[in-house]
Amino acid sequence: MSAFSDRVDLALADPILKIAVERTAGTAEAKRAVAVDAFPDFDRARDRAAAIKDHVIAHLGEYLEMFEANAIAAGAKVHWAQTADEACAIVIDICKAAGAKSVARSKSMLGEEIGLPHALAEAGITRVETDLAEHIIQLADERPSHIIWPAMHKTREQVSALFKAKHRSPHEEETIAAMAESARRELRSGMLGADVGISGANFLVADTGAICTVTNEGNAELSLVPPRVHIVTAGIEKIVPSMPHAVHMLRMLARSATGAALTQYTTFYTGPKRTGDHDGPEEMHIVLVDNGRTTMREEGLAEMLRCIRCGACMNHCVVFRQIGGHAYGGTYPGPMGAVLTPVLDGLAASRDLPNACTLNGKCQEVCPVRIPLPTLLRGWREKSWREGLEPRTMRAGIGIWAAVARRPRLYRLASGMAVRVMRIVGHAGWIKSLPLAGGWTRHRDLPKPASRSFMEQYSQEKRR
Amino acid sequence: MTLDHPRVALFVTCLVDLMRPRIGFAAIRALEAAGCEVVVPTEQTCCGQPALNSGDRATAIDLAKRVIAMLEPYDHVVIPSGSCAGTIRCHYPEILEDDPEWGPRAHTVGAKTYEVMAYLDEVRGWRPEGVALPVRATYHDSCSGLRELGIKAQPRRLLDAVEGLSLAPLAGEETCCGFGGTFCVKYPAISNAIVGEKAAAIDASGADMLLAGDLGCLMNMAGKLHREGSRVRAFHAIELIAGMGDGPAIGEEA
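Residue numbers (our numbering), protein chains in the order written: chain P, 1 to 464; chain Y, 1001 to 1254.
Rather than coming from a laboratory, the hints here were simulated on the basis of the structure.
These figures come from a predicted structure and were not determined experimentally.
Even glycine gets a Cβ: it sits at the ideal position worked out from N, Cα and C.
Any given hint could be a false lead.
Claimed, not checked - The calculated DSSO-like cross-link candidates involving lysine-lysine, where the alpha carbons are at most 30 Å apart (straight line), are:
no. : chain 1 : residue 1 : chain 2 : residue 2
1   : Y       : Lys1186   : P       : Lys462
2   : P       : Lys18     : Y       : Lys1186
3   : P       : Lys432    : Y       : Lys1186
Claimed, not checked - Stretch by stretch, here's where chain Y covers chain P in the computed footprint (C-beta under 8 Å, at least three residues):
no. : segment
4   : 186-199
5   : 437-450
So that you can see chain P by itself, here it is in the shape it has in the complex (with noise of 0.2 Å):
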């Protein structure tokens, strides 16, 4: 059994795991679907925003430089990583340079996706995870399950629980605003006395240098503004050409990720402290990452770029939405995952994820940027089948059926058996249990066919 097979029973077994990813994001889809409907003309918006990300993607070198010298400029200092280690070490050079024994990061997918965390401690670096979802992962020593809701898994009840067992004053009133106030506590000593701030970037603006980022808790500026550092590592695919181009892509964001029209949150930081700024830091470094973006964009993943990381494709994912993010195993879930987890882990550990699919579109039809998601899953699967990593039985079965397939008369003769034989197991309409068709009738029932297929039936009426 493969390890996607196990963590995909796992989460079938875990009945509150299924309330709490329906609870989120069955309202997410709800509240899309009401801002989207009030939004006018969403379609020609999206068009607009999938051409901006595409224009960028395709100019990628020239808005970067732009972009470099303009944070230059506004003082802050710009790194290029082309792995995830290189940029780990970037992050970590800095910190002991600055002397820092701790560190507070606001929730970045890309910091996961390098693996910081584990560099951080490794280290021997204190990490404040600020966002409230991250920082109950990081108590129950997790990864986020999804991109937006890091901590969707888990119900009111376990997070009460965590919080009673590692919190220094936890709560005693089992409400929600005494479990707020307990991670506040928690969490404003760890933001107001770290040495470095760490963020992602949800934009790189290229004409002005500004990074941007959105939160819904507050918890980015009040982790990057006090300490005397701040670290962002971002995407090289996150930017976008000026102020007019974030603000559309913010659009889309936010109400594609929440179906709120903004979050309560947006702040462009462009440069460290300057002189007369009444606070920031007093560095800024900007680590611009690469990770195979350049080789998707080289090998027929161009489109994967536009991604803007709102999560309605998971959150619309018939699969997802019973299994959870866990079971992807990488650090993107959902379709958007199922994607990008074989450029980051390699095919050969990770085509489970692109198979795993119905290939029904609901996920392009809700993406904001019009990523072709089926078609690129779909590829994944040419490029698997090339490489002889599908199973064997798998192989062979679609082998024996396309040479039956290409041969008509063959093909009337083998099905006509199929369907005599299947007729002999089948009792009253119905066939229960089915030789090499366990994934089927473990489940459900297969209808008996009919006695004689169409064909037969066909041509024996013309011959009338």
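For this one, chain P is given, so just place chain Y on it according to the hints.
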């Protein structure tokens, strides 16, 4: 260009051929009533979708070329399945895009290929006449037809002309049933969880009959409903539209 009596090739699909021939005959009946001359090319097997979706592109291309050559002589190609029609209409041109000979041929055949209910409604402007069936049914929108071909209103318009038939709303009518071709046998546990929810929604609709436009999805949902002891009967919508809704449902012996 509207032809008075188009010569229509009926591609019955491998599932209809083997599992439920009535759907093919219902399609012929409706198409003839709509003024078409229906021909069933005898060399047809399968459109190649299992290979396409499994990643076996070479086999998919090979089968696509056979199907294209077979269907070229006809005015239109009609299929009682949004999924197979989507394969020919949307995916054949994609997989043959770089082939200077077959690319244009794929486009031509793709453009004249239709799902049967979309064809009857949009191309023929036809409505069933004198067809009556007093039943409360519910309709599941199969994914390929819905999202690749835009099939939503067409079957409902045709069903609306069936006297006595009323459609009950189905919660999540556009949500995938978990069939997904080979997905249902490759990942049976996930597929089962999905179709389990679908079956519960169908039961909760209060309908006596489940309708859809794809036999694969119908077999999946009907199979789950039957395993769960539901009394909801399942039909391909074209059977009702062609006046064959009084026959045996999926899984009932004739």
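Hints, verified against the model:
Only pairs whose Cα atoms come within 30 Å are accepted, and Y/Lys1186 paired with P/Lys462 is rejected, the gap being roughly 39 Å. Distance restraint check for P/Lys18 and Y/Lys1186: the Cα-Cα separation of roughly 22 Å lies within the 30 Å cut-off, and the hinted pair is therefore satisfied. For the hint linking P/Lys432 to Y/Lys1186, the alpha-carbon distance of about 19 Å falls within 30 Å, and the restraint holds. Coverage of the segment 186-199 of chain P by chain Y is violated in this model, with 0 residues showing a Cβ closer than 8 Å to a Cβ of that chain against a need of three.
Check on the segment 437-450 of chain P: 13 of its residues sit with their Cβ under 8 Å from a Cβ of chain Y, so the three-residue criterion for coverage holds.
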